[in-house]
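Let the hints inform the model, and build the full structure from the sequences given.
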Amino acid sequence: MSKNALCIGINDYPGTQNDLSGCVNDAHDWSSALTARGFSTRMLLDADASKSGMVAAIGDIIGNASRNDSVVITYSGHGTWVPDESGEEPDGRDEGLCPWDIEQGEVLLDDELHVLLGKRAPGVRIVIIADSCHSGSVTRGDNSDLDPGMPRARFLPPQVWMSSDKLPSRMPTKILGGIARSGGDLLIAGCLDTQYSWDTRFNGRPNGAFTYYALKALANLPPGSSYASWYRKITPTWLPTNQLPQNPQIFGSTSARGWKVFE
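Start counting the sequence shown at 1; every next residue gets the next number (UniProt numbering).
Since the hints were made in silico from the structure, they are not lab data.
Some hints could be false.
Derived DEER-like restraints, expressed as beta-carbon distance ranges [as the list claims (entries may be wrong)]:
1. GLN104 - GLY224: 40 to 48 Å
2. THR35 - ARG67: 20 to 28 Å
3. PRO223 - GLY105: 40 to 48 Å
4. GLN243 - MET1: 40 to 48 Å
5. SER2 - SER255: 33 to 41 Å
Derived pair list, reagent style DSSO-like, types lysine-lysine, alpha-carbon separation capped at 27 Å [claimed, not checked]:
6. LYS216 - LYS233
7. LYS260 - LYS216
8. LYS260 - LYS119
9. LYS233 - LYS260
10. LYS119 - LYS216
11. LYS233 - LYS3
12. LYS3 - LYS260
13. LYS216 - LYS3
For each residue, glycine too, the CB sits at the ideal point set by N, CA and C.
Following this line, the structure appears as structure tokens:
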């Protein structure tokens, strides 16, 4: 059994005036945590995380995996959506991840991700960790680690990067989690479908709020714990808070939620 991970972090979004600050640190942090647990890790950062770069890297990690192998893909960056042209989405749009070259109209849609993940060999386990997108409000949790003046949403409205002639006449009011339907066994996401994940700073160092607290919970997780147990340590203990109104989510079968974390 082999264990391989791809950690993607994008701070730089040329031409959008919507750069982030914590995503590259997120990728490094996930890579370190996964390496410590026996994974061979590869990072895609900023310009290397173009759409073609992301497609190639995801294709490689999935294509090289065999039965009983474990694959983890982490993504920190902006999320967005495009109008649904197939008529299959009830909210009228397809969700997607924003590559470095999003300003050129390059977006990695949930449908495309589904095709990439669907090429895996039988028996390959895939876990996706997404620290991006979406908005709402709640009042729980602990803000003590959060630096003043933060955070910033990890959502890139389509009008920032999409030409006006391609925008729908009526903008939808919800963002639904298409990534949850993309074909991995387990998805751990930073927020509800209707929320944002927040880009912020802790003790002077930029990070995604979800990544920071997920890794904080992981550091204190007993050996052999399940993904479901890890998730319960993240929320509501650390998120959401008044300043970070995001509810982390877990999607997957009962058996997948019972897998041991990063094994």
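Cross-check of the supplied hints:
In this structure the supplied range 40 to 48 Å holds for GLN104 paired with GLY224, their Cβ-Cβ distance being about 45 Å. Hint check: THR35 to ARG67, Cβ distance near 23 Å, so the stated range 20 to 28 Å holds. A C-beta distance of roughly 46 Å is found between PRO223 and GLY105, which places it inside the suggested range of 40 to 48 Å. Judged by the Cβ atoms, the range 40 to 48 Å given for GLN243 and MET1 holds: they are separated by roughly 41 Å.
Between SER2 and SER255 the beta carbon distance is about 21 Å. The supplied range of 33 to 41 Å is therefore violated. Distance hint between LYS216 and LYS233 is fulfilled; the C-alpha atoms sit about 9 Å from each other, no more than 27 Å. Between LYS260 and LYS216 the alpha-carbon distance is near 17 Å, which keeps this suggested pair within the 27 Å criterion. A distance of roughly 24 Å separates the Cα atoms of LYS260 and LYS119; the hinted pair therefore holds under the 27 Å criterion.
Between the alpha carbons of LYS233 and LYS260 the distance comes to roughly 14 Å, so the proposed pair stays at or under 27 Å and holds. The suggested pairing of LYS119 with LYS216 is violated, with an alpha-carbon distance near 33 Å, which exceeds 27 Å. Of the pairs offered as hints, the one joining LYS233 and LYS3 holds, with about 24 Å between alpha carbons and a cut-off of 27 Å not exceeded. Using a Cα cut-off of 27 Å, the hinted pair LYS3 and LYS260 holds, with the two alpha carbons roughly 13 Å apart.
With a C-alpha separation of about 22 Å, the suggested pair LYS216 and LYS3 falls inside the 27 Å cut-off, and the hint holds.
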